[in-house]
Amino acid sequence: MTVQIGVGETGKLMRRDVVQALLENRDGMLAIGGLGAPAWDITAAGDSPLNLPLWGGMGAAAVMGLGLALAQPERKVVVITGDGEMLMGVGSLATVAVQRPRNLSIVVLDNEHYGETGMQETHTKHGVDLVMMAKGAGIADSRLVRTAAEVLQLRADIHAGNGPIFAQVKIDETSQPLVLPPREASILQARMREAIMGPQAHLQ
Amino acid sequence: MQREQLESAPSAAADWPDQIYDLLKQHNVRQVGLVPDAGHSRLIKRCLADNDMKVVSLTTEEEGVGLAFGAWLGGEKSVLLMQSSGVGNIINMLSVAIAHRTPCPILVTMRGDFGEFNPFQVPMGNATQACLEAMGTLVKRADKPEDVAETVNATLRLAYNTYRPTATLLGQRLLGAKTFGR
Numbered sequence: 001m002t003v004q005i006g007v008g009e010t011g012k013l014m015r016r017d018v019v020q021a022l023l024e025n026r027d028g029m030l031a032i033g034g035l036g037a038p039a040w041d042i043t044a045a046g047d048s049p050l051n052l053p054l055w056g057g058m059g060a061a062a063v064m065g066l067g068l069a070l071a072q073p074e075r076k077v078v079v080i081t082g083d084g085e086m087l088m089g090v091g092s093l094a095t096v097a098v099q100r101p102r103n104l105s106i107v108v109l110d111n112e113h114y115g116e117t118g119m120q121e122t123h124t125k126h127g128v129d130l131v132m133m134a135k136g137a138g139i140a141d142s143r144l145v146r147t148a149a150e151v152l153q154l155r156a157d158i159h160a161g162n163g164p165i166f167a168q169v170k171i172d173e174t175s176q177p178l179v180l181p182p183r184e185a186s187i188l189q190a191r192m193r194e195a196i197m198g199p200q201a202h203l204q
Numbered sequence: 001m002q003r004e005q006l007e008s009a010p011s012a013a014a015d016w017p018d019q020i021y022d023l024l025k026q027h028n029v030r031q032v033g034l035v036p037d038a039g040h041s042r043l044i045k046r047c048l049a050d051n052d053m054k055v056v057s058l059t060t061e062e063e064g065v066g067l068a069f070g071a072w073l074g075g076e077k078s079v080l081l082m083q084s085s086g087v088g089n090i091i092n093m094l095s096v097a098i099a100h101r102t103p104c105p106i107l108v109t110m111r112g113d114f115g116e117f118n119p120f121q122v123p124m125g126n127a128t129q130a131c132l133e134a135m136g137t138l139v140k141r142a143d144k145p146e147d148v149a150e151t152v153n154a155t156l157r158l159a160y161n162t163y164r165p166t167a168t169l170l171g172q173r174l175l176g177a178k179t180f181g182r
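Read top to bottom, the protein sequences are chains R and B. The first sequence begins at 1 in my numbering and counts up by one. The second sequence begins at 1 in my numbering and counts up by one.
These aren't lab readings, by the way, just hints derived from the structure by calculation. There may be inaccurate statements among the hints.
Some chain R residues near chain B, calculated using beta-carbon distances under 10 Å [to be verified]:
id, residue
1, Gly67
2, Ala190
3, Ile196
Residues from chain B that keep clear of chain R, each with C-beta distances beyond 10 Å, as calculated [what the hints assert, rightly or not]:
id, residue
4, Ala9
5, Ala127
6, Glu133
7, Asn153
8, Ala154
The beta carbon of each residue, even a glycine, is placed where N, CA and C say it ideally should be.
Chain B extracted, bound-state conformation (with noise of 0.2 Å):
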């Protein structure tokens, strides 16, 4: 039996996660690198699942630039899955994306957002979406649920219609925040 999660994620009830899915079909997303947020366990359960889609699990998620780099040297979409703390851990890698003109699409699970409780979660979130765009990243965000699609998409389009890294920030609202009574 798993204990409570600590972190948030969203309720059973949210379709959107499935809704993301629907979208990395329809652009023929192959690649789905990853380090796991508990925001996108429903996402990543539904990519595991299929078998047309390649899940690489990473060890940081400075790794998943590198990777939608070389999925797209050999012809195939990716898509970068992460919270927003690995953010930090990305930003001179995106130099890749940016110099060879590689479609990076991004989804970042917020933390450090609406009613954190984990103090150290706070400075990268807070910092998100200035880093990104400081490095180049075009950046939407979305934090109802009937914005999740849309936004998603956007992000998905800009960047194999432009050759570039771009991200949605999904919200912390759409999340849900453990706050343990405080």
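Bound conformation, chain R alone (with noise of 0.2 Å):
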């Protein structure tokens, strides 16, 4: 690990530093990021083949990578949104705890607010927990991250396998620069697939 995990000066994490931490030396994890805040971190981590970047479908990143999951079992799924995303589609989390993927994990960065649109109040901000509510859904390995060390223990456990995983990382909710990934959604959506079959991907 060459990343330093820092904190902001609300003592919470930085975002872009846990995001960098989950993907360095990712050994072909496939990550998507889901809109605003979360897409530009997994660009700013580096853009890649392996990231979908998601400009639109609120509300869907987890089960997203529940599909890809399960069609691409021995990769490794790495979900990582926001906290506004998660809760427009939280029954998602009962939909991944059902089919039980070894290989996906869902990393909630949690800064409370609405980033995109103004920084309004989510519901997190007012105590309602993730946590709870993906254990409730059913799955057991649900845990809250605010530290550094525990941002490596996630990450260790998510290259391990052991999933299905739910994280949520209370992060600073200091906006960062714009890294912006390509818009063009049916490039995003080919180069993985292409970075996943082949050229094969094309003729499918």
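Using the hints, put the two standalone chains together into the complex.
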């Protein structure tokens, strides 16, 4: 690990450091980034065909990860998304839990705000506990992450393939510089398919 | 003992659900996302009994569009099963399949159609085709048993070969409607 996982003025983890730590030396791990800041975060960590940054589809990032994890059981899949995005599709945690994909992890970067729309507060600011909701849905390994050491443990467990894992990572709410991924979504889809299946992907 | 189902389902003699299952096998469909409907119950049973199909029960139809996208990213074909009321739940999420150019075939059993008994099914049933088409989905419709296989095959082929959301509406005349004497 080369990245130092810092904390902001709030004492909470810096989002870009968390994401970089999770994706560094990723060994072919596929990453889906929820729309808004998490998509910029996975791009800042290094744009790659193994990344699928979302420009829409709010509420469906986790279940997209499920479809991908079921299709590619030999690969690790990590969904990195925000608290607002997760809240919009929170029922999908039940859908994921029932399927029990060993290779799927869902990481919620929780800044307790809707960052792209003017920093309105989300429900997590007011005590809504995503970890308890994920546990209640049936994801046994659901955890709260607040420290750098816990990020490193999360990284190790994601790479070990002992999923499904759900992690709610409390992060500093400071906005980071925009690092935009390609916006042509057919390219985003095609490049990941090619990264997984080779040129044959385009002949399916 | 299960009580009589309130929702309509095809008669046991109808074999079009089996024809749909055969088409899913021919197209090598590996993921089946669904919110149950009585009209799909026989097809769902066939899929559940098939070890080569991953059947994913969804909490809302909206999840199914995301599932189809994830499946295609990983190289697997999928199909989405729902009733017409569920179409209202997927409208914005169809943007995912449109923007990414993802095959997303949807098989919709109609409610609020011929002889509907439940008032709540009528508004969405009446708007199903218009809503799907307004969102760029290619919609075909089958109202007779002999038309089902050809129509569903067209929906599957259009999705997988031309990369977009497509739908077959299975009319309530295929399913029969409960009227409770009304």
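Handout entry: Non-interface label on B:Asn153, tested against every C-beta of chain R at 10 Å
Key = B:Asn153 is indeed farther than 10 Å from all Cβ atoms of chain R, at 18 Å.
Practice task
Could you check that no beta carbon of chain R comes within 10 Å of the beta carbon of B:Glu133?
Solution key: Holds, because the least Cβ-Cβ distance between B:Glu133 and chain R comes to about 20 Å, which exceeds 10 Å.
Handout entry: Residue hint R:Gly67, partner chain B, criterion CB-CB below 10 Å
Key = Result: holds, 2 Å to nearest chain B Cβ.
Exercise for the section: Closer than 10 Å between Cβ atoms is the bar; does R:Ile196 clear it against chain B? Give me holds or violated. Expected result: With a minimum Cβ separation of about 6 Å from chain B (threshold 10 Å), the hint on R:Ile196 holds.
Problem - Non-interface claim for B:Ala9 versus chain R (Cβ beyond 10 Å) - result: holds, 24 Å
Handout entry: Status of the hint placing R:Ala190 at chain B (closest C-beta pair under 10 Å)
Key = The hint holds - R:Ala190 has a Cβ within 10 Å of chain B, the shortest such distance being about 8 Å.
Problem - Beyond 10 Å from every chain R Cβ - status for B:Ala127 - result: With a cut-off of 10 Å, B:Ala127 remains clear of chain R, as the shortest Cβ separation is near 22 Å.
Problem - Given as non-interface: B:Ala154, which should sit over 10 Å from chain R by C-beta - result: The assertion about B:Ala154 holds, with a minimum of 19 Å to chain R.
Comparing the model with each numbered hint stated earlier shows that all of them hold.
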